[in-house]
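Please arrange chain B on chain A, whose structure you already have, making use of the hints.
Quick mapping for you: the protein sequence lines, in order, are chains A and B.
The first sequence: position 169 = 169 (my numbering), numbered continuously.
For my numbering, add 276 to where a residue sits in the second sequence, where the first one is 1.
For the record, the hints were derived by calculation from the structure and aren't laboratory data.
Treat the hints with care, since some could be wrong.
For each label pair, taking beta carbons as the anchor points, the in silico distance ranges come out as [what the hints assert, rightly or not]:
hint	chain 1	residue 1	chain 2	residue 2	range
1	B	K547	A	D128	25 to 35 Å
2	A	S22	B	G552	45 to 55 Å
3	A	E37	B	P487	41 to 51 Å
Since the model is a prediction, treat every value here as computed from it, not as a measurement.
Don't be surprised by glycine CBs; every beta carbon is placed ideally from N, CA and C.
One-letter residues, chain by chain:
There are 2 protein chains.
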Amino acid sequence: MGTWFTEKQTDHFGITAKVNRSLHKEQTDFQSLEMLETEEWGNMLVLDDMVMTTEKDEFVYHEMLAHIPLFTHPSPKQVLVVGGGDGGVIREVLKHPSVEKATLVEIDGKVIEYSKQYLPSIAGALEDERVEVKVDDGFMHIAKSEREYDVIMVDSTEPVGPAVNLFTKGFYEGIAKALKEDGIFVAQTDNPWFKSDLLQQAYGDVQATFPITKVYTANIPTYPSGLWTFTMGSKIYDPLQVPAERFHEMETRYYTEELQTAAFALPKFVKDLLQG
Amino acid sequence: MGTWFTEKQTDHFGITAKVNRSLHKEQTDFQSLEMLETEEWGNMLVLDDMVMTTEKDEFVYHEMLAHIPLFTHPSPKQVLVVGGGDGGVIREVLKHPSVEKATLVEIDGKVIEYSKQYLPSIAGALEDERVEVKVDDGFMHIAKSEREYDVIMVDSTEPVGPAVNLFTKGFYEGIAKALKEDGIFVAQTDNPWFKSDLLQQAYGDVQATFPITKVYTANIPTYPSGLWTFTMGSKIYDPLQVPAERFHEMETRYYTEELQTAAFALPKFVKDLLQG
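Chain A with its partners taken away, still in its complex shape:
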């Protein structure tokens, strides 16, 4: 059999992946961090025993977190990513030529360090001259910012450990303040099969803060249930009303112009959750 990494995604269900070797393991100031070389998924970043990203399927999450809000905005110039120390979202942000500056605020410098070492195809973009990397508390960074950003993306872990403040109404209010008057915000909001409470709560809180609030999904095989949700709050622009001429040529492996709309077509039980 050899060594297998098992993530219990609920108390009674999980995924299991064959591990060739552990590349690095440590307790950082914020969380346990492990980098595994797996047979199926390539190198895999694990924080607090949860899969954060893998070389094989990372493109889905990173593309879908970034491109949906970035195409919703007519000309995103100043972009902030909270969390996301692996650099994957930043890589996608930089594909948009209007972007002048992409700021990454990651609380755990070790995530950046080991992503650069073991996930170079993901973290390489952090070296780009348009990128500023800050090792800092995202909640505090947001609290200090005012009308600075066109788009803010929250690429956090689950609301345990360092990310617990990133799923609060106060945080969403801070984000609204940190955004320009036509700004857009998006956050990963877990899955509707096992974490419907979290999604419902986040949706309600974002809705209380932003005039336009919408949820979209993507399929991420190594994340619980394979169905991931993203909740978007927007001050003016509607993600379902993107003019056709705004789309530009861009290399992607998941995102398509069609999915800009189709990703918002939710399964009935998810729609019901959000209306409940």
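Same frame as chain A, now just chain B:
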């Protein structure tokens, strides 16, 4: 820890679910059959060590296999389901008032027997008076049929064991013959992450047989990668051109009128697979 059922979905990756008890286990004439009571998913039907259906997430697969083709057809009356002995697809078929007769041809009578006993919310519809259940070889049934059906759905296992003939060009040609001149066919065609060859092959073979061939997806947490594909072959009707007035009130938990179109918006890497 207790007892856990692990399905190796690839040689190097799998899912694992806590089992309260095994309700039934036998080697039938065609395959190994096990019915498990699990903590996360309710009762779970396992054939040849692969999860076939669970009480908690079965609705996704059954709704999406049935409703997409049934709404594509203006008035489906005669419907055939090949495989699907658990009865879930039949339950969904019967939600369409135009359906006069739904025929189920399942090769393994034991699947029907134990689904009725342990999955009554799924298999109960098999008792409906519009349903005819035949324990027979689906391939042979198709070979003998001519211009009989409006819609044929293939709800098979993977192409191992009894289902191996159900993924062949000859079978698709037989289906085209068994369908009326405006008939529609749909089959489950596995997932694009681990079984891209299967999907590509099936798509090519269906495309060689039907004027309109399209692939759509749904999220099924207990199936490999969570992203399942369905390949539809149609003689005349386009699933993306369903008139709004055709939709009727229907209780569903996954399918929506919006998903009738949105489910065909494929991730870029899946589109590329089909064009490759």
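Evaluation of the provided hints:
{"no.": "1", "hint": "B:K547 x A:D128: 25 to 35 Å", "result": "holds, 28 Å"}
{"no.": "2", "hint": "A:S22 x B:G552: 45 to 55 Å", "result": "violated, 36 Å"}
{"no.": "3", "hint": "A:E37 x B:P487: 41 to 51 Å", "result": "holds, 47 Å"}
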